[in-house]
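Student: Protein chains in written order, with my numbering: chain A, 1 to 166; chain H, 1 to 396.
Hints listed in this document are in silico derivations from the structure and should not be mistaken for laboratory results. C-beta atoms are modelled at their ideal positions from N, C-alpha and C, and glycine is treated no differently. A portion of the hints provided could be inaccurate.
[Stated by the list, open to error] Cβ pair distances, simulated, as ranges:
no., chain 1, residue 1, chain 2, residue 2, range
1, A, Phe143, H, Ile206, 48 to 56 Å
2, H, Ser243, A, Val20, 30 to 38 Å
3, H, Ile61, A, Leu8, 30 to 38 Å
4, A, Thr124, H, Arg39, 57 to 65 Å
5, A, Leu7, H, Tyr105, 28 to 36 Å
6, A, Leu135, H, Val66, 31 to 39 Å
7, A, Phe120, H, Phe81, 27 to 35 Å
8, H, Ile61, A, Val148, 30 to 38 Å
[As the list claims (entries may be wrong)] Take a look, some chain A residues computed to stay more than 10 Å from chain H by CB distance:
no., residue
9, Ser32
10, Glu50
11, Leu67
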Amino acid sequence: MSIFFFLLFATIAVVAGVSVILQRHPIASALSLVGVMGSLAVFYLILGAEFIALAQMIVYAGAIMVLFIFVIMLLNAGAEERRGRSWMAQLLGVPLLIAFFAIVGYALVGRFSGGEPVSFGSFTGGTAEAVGYALFTDYLLPFEVTSVLILVAIVGAIVLARKEMD
Amino acid sequence: MVFLIITLIKLAIIAFVLLTTLAYLQWVERKVIAHVQVRVGPYRVGPHGLLQPLADVVKLITKEGVMPPHVNRFFYLLAPFLAVLMALIPISVIPFGTSITLFGYTTNMELADLNVGILVILSLSALGVYGIALAGWSSNNKYALLGGLRSSAQMISYELPMSLAIASPLLVAGTLSLRKIVDTQAGYNLGIIPKWAIFAMPAPQIFSFIIFMIAAFAETNRIPFDLPEAENELVAGFHVEYSSMSFAAFFMAEYANMVTVCSVATLLFLGGWHPLWPAAYGSNFVAPLILIVAAGLCIYHGLNPARPLDRYTLPAFGVIFLGLAGLMLFPPAVPVLTPLFWFLAKTLFLLFLFVWIRATLPRFRYDQLMGFAWKFLFPVALANLLLTGFLVALVD
Numbered sequence: 001m002s003i004f005f006f007l008l009f010a011t012i013a014v015v016a017g018v019s020v021i022l023q024r025h026p027i028a029s030a031l032s033l034v035g036v037m038g039s040l041a042v043f044y045l046i047l048g049a050e051f052i053a054l055a056q057m058i059v060y061a062g063a064i065m066v067l068f069i070f071v072i073m074l075l076n077a078g079a080e081e082r083r084g085r086s087w088m089a090q091l092l093g094v095p096l097l098i099a100f101f102a103i104v105g106y107a108l109v110g111r112f113s114g115g116e117p118v119s120f121g122s123f124t125g126g127t128a129e130a131v132g133y134a135l136f137t138d139y140l141l142p143f144e145v146t147s148v149l150i151l152v153a154i155v156g157a158i159v160l161a162r163k164e165m166d
Numbered sequence: 001m002v003f004l005i006i007t008l009i010k011l012a013i014i015a016f017v018l019l020t021t022l023a024y025l026q027w028v029e030r031k032v033i034a035h036v037q038v039r040v041g042p043y044r045v046g047p048h049g050l051l052q053p054l055a056d057v058v059k060l061i062t063k064e065g066v067m068p069p070h071v072n073r074f075f076y077l078l079a080p081f082l083a084v085l086m087a088l089i090p091i092s093v094i095p096f097g098t099s100i101t102l103f104g105y106t107t108n109m110e111l112a113d114l115n116v117g118i119l120v121i122l123s124l125s126a127l128g129v130y131g132i133a134l135a136g137w138s139s140n141n142k143y144a145l146l147g148g149l150r151s152s153a154q155m156i157s158y159e160l161p162m163s164l165a166i167a168s169p170l171l172v173a174g175t176l177s178l179r180k181i182v183d184t185q186a187g188y189n190l191g192i193i194p195k196w197a198i199f200a201m202p203a204p205q206i207f208s209f210i211i212f213m214i215a216a217f218a219e220t221n222r223i224p225f226d227l228p229e230a231e232n233e234l235v236a237g238f239h240v241e242y243s244s245m246s247f248a249a250f251f252m253a254e255y256a257n258m259v260t261v262c263s264v265a266t267l268l269f270l271g272g273w274h275p276l277w278p279a280a281y282g283s284n285f286v287a288p289l290i291l292i293v294a295a296g297l298c299i300y301h302g303l304n305p306a307r308p309l310d311r312y313t314l315p316a317f318g319v320i321f322l323g324l325a326g327l328m329l330f331p332p333a334v335p336v337l338t339p340l341f342w343f344l345a346k347t348l349f350l351l352f353l354f355v356w357i358r359a360t361l362p363r364f365r366y367d368q369l370m371g372f373a374w375k376f377l378f379p380v381a382l383a384n385l386l387l388t389g390f391l392v393a394l395v396d
């Protein structure tokens with residue numbers, strides 16, 4: 001059952017990911033990205049991390065992408081035009097892509113070839129209690145530093161917006 | 001195998017009851033608003049317009065679906081589908097009552113008991129905005145686009161106070177599972193005051209409840225926060241270009257969202273299916289009493305008919321009500337039906353509140369709406385959460 005859902009949503013994630021790049025309209029690209037994030041949430045769910053899965057849905061698919069779409073709608077961005085590409089990019093693109101995948105593949109195999117394969121349902125530390133406990137004991141400092149970072153970003157955004165208004 | 005069959009049966013029952021409720025909610029809304037405005041409302045189709053929802057459904061299905069030539073075809077068709085999907089799924093995690101035992105098989109009265117149930121509802125309500133935003137954008141119409149933009153901005157803004165208001169009763173309950181949250185609210189303080197979250201002793205959640213309800217009105221795009229479809233400035237807002245079933249889909253989504261938020265408010269704040277006062281003081285007999293009074297009224301008016309048909313229809317309803325009252329008093333059914341009655345009574349009261357407010361309050365101005373969310377509701381919700389956390393930690 002898990003393997004069926006994994007294959008189904010892995011296909012959806014890859015198709016949606018390719019679609020993010022291939023779509024010519026920004027709204028279509030943004031919605032494809034929502035599809036990728038939804039599929040990722042399903043992976044977390046299959047692996048037993050239900051809290052992370054739903055946090056992924058609420059934060060990424062629900063809040064961040066809605067904001068993306070809101071901005072695209074507000075700017076009323078149309079479909080982008082296809083311009084003539086440089087012959088250099090067309091010539092070098094495919095070999096460089098293959099080289100990139102080869103390097104990534106080599107690094108992954110070299111690093112994780114001796115690791116245990118992941119099996120569905122073997123992980124049980126994904127409940128809200130477990131995540132909360134880890135967050136407020138072992139990872140308290142990174143957690144607090146991140147929250148301060150976000151606060152700084154908010155203050156920065158307000159300062160920048162203020163300047164524009166004067 | 002048994003689990004699968006039971007789930008399919010529950011699915012069929014919940015789908016049927018929910019869709020009927022949505023259709024009749026429309027009737028209740030029109031009737032209540034009509035009576036507030038001293039009119040009679042729907043009256044022609046069936047007794048007291050009771051068959052009006054059926055007629056509306058037939059009308060909407062048989063209407064011609066017009067697709068304007070200037071729309072973005074794919075997203076135009078996707079939007080109502082998304083809206084209705086994200087509105088109907090949350091019902092599957094809402095528990096309606098205690099467990100039920102039939103033929104030796106015990107099952108809980110809900111589709112799925114998740115240990116993160118409340119988060120599922122939050123995430124789906126966050127996704128619901130896509131339907132509305134896409135409908136507004138893909139229509140290629142300035143009124144629709146304005147409606148879609150307003151709705152996105154409004155839902156993003158009001159999600160914050162809503163989530164914060166939900167977080168405080170979760171702190172008191174100490175769990176994310178909706179069934180366990182209701183279980184923590186069982187029992188009575190001083191033998192008479194229920195331990196519902198709004199009366200919870202270390203930190204009463206009455207302010208969270210009020211903040212949640214205000215945010216819920218904004219999340220479901222209802223008056224006084226129905227700016228996305230403000231008809232006197234935006235024609236009909238995001239669904240101006242929709243007709244036939246796709247138009248009906250948006251209405252269905254709105255009513256389904258109302259049912260969801262009212263159920264969630266009942267579960268989180270009003271003690272779910274736990275009665276207002278202990279069974280020792282007769283809370284089990286409220287439902288049969290109401291039904292017997294209704295039956296008596298029906299039979300009385302059937303004997304003194306105002307219209308010729310009333311002679312037959314009203315006594316028939318009276319007999320049905322008497323039968324239901326008998327069922328509610330039948331001892332093996334009491335532990336199942338009484339909690340269900342209390343849950344439905346609280347949820348329907350909150351739904352009535354929605355309709356009542358629609359009939360009484362005017363609409364906000366758009367800048368007032370955003371200012372209210374960010375400058376008043378959000379800080380208050382934050383302070384409320386901090387206070388609740390402090391009190392809960394103090395008692396622990």
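Student: Is 30 to 38 Å right for how far apart the beta carbons of Ile61 (chain H) and Leu8 (chain A) are?
Tutor: 32 Å, holds
Student: Can you tell me whether the CB distance of Ile61 (chain H) to Val148 (chain A) sits inside 30 to 38 Å?
Tutor: 56 Å, violated
Student: Holds or violated: the 57 to 65 Å window for the beta-carbon distance between Thr124 (chain A) and Arg39 (chain H)?
Tutor: 59 Å, holds
Student: Far enough from chain H: is every CB of that chain over 10 Å from the CB of Ser32 (chain A)?
Tutor: 12 Å, holds
Student: Is 27 to 35 Å respected by the C-beta to C-beta distance linking Phe120 (chain A) and Phe81 (chain H)?
Tutor: 30 Å, holds
Student: With respect to the beta-carbon atoms only, verify the hint that Ser243 (chain H) and Val20 (chain A) lie 30 to 38 Å apart.
Tutor: This hint holds: roughly 32 Å between Cβ atoms.
Student: 28 to 36 Å was suggested as the range; check whether the CB atoms of Leu7 (chain A) and Tyr105 (chain H) agree with it.
Tutor: 33 Å, holds
Student: Note whether the CB distance of Leu135 (chain A) and Val66 (chain H) lies within 31 to 39 Å or breaks it.
Tutor: Violated - the Cβ-Cβ distance for Leu135 (chain A) and Val66 (chain H), about 52 Å, lies outside 31 to 39 Å.
Student: If I claimed the Cβ atoms of Phe143 (chain A) and Ile206 (chain H) lie 48 to 56 Å apart, would that claim hold in this structure?
Tutor: 31 Å, violated
Student: Is the nearest CB of chain H more than 10 Å from the CB of Leu67 (chain A)?
Tutor: Contrary to the label, Leu67 (chain A) does not stay out of reach of chain H, its closest Cβ about 7 Å off (not over 10 Å).
Student: Going by Cβ atoms, does Glu50 (chain A) stay more than 10 Å from chain H at every point?
Tutor: The claim breaks: Glu50 (chain A) does not keep its Cβ more than 10 Å from every Cβ of chain H (closest is about 5 Å).
When each numbered hint is compared with the structure, violations occur for hints 1, 6, 8, 10, 11.
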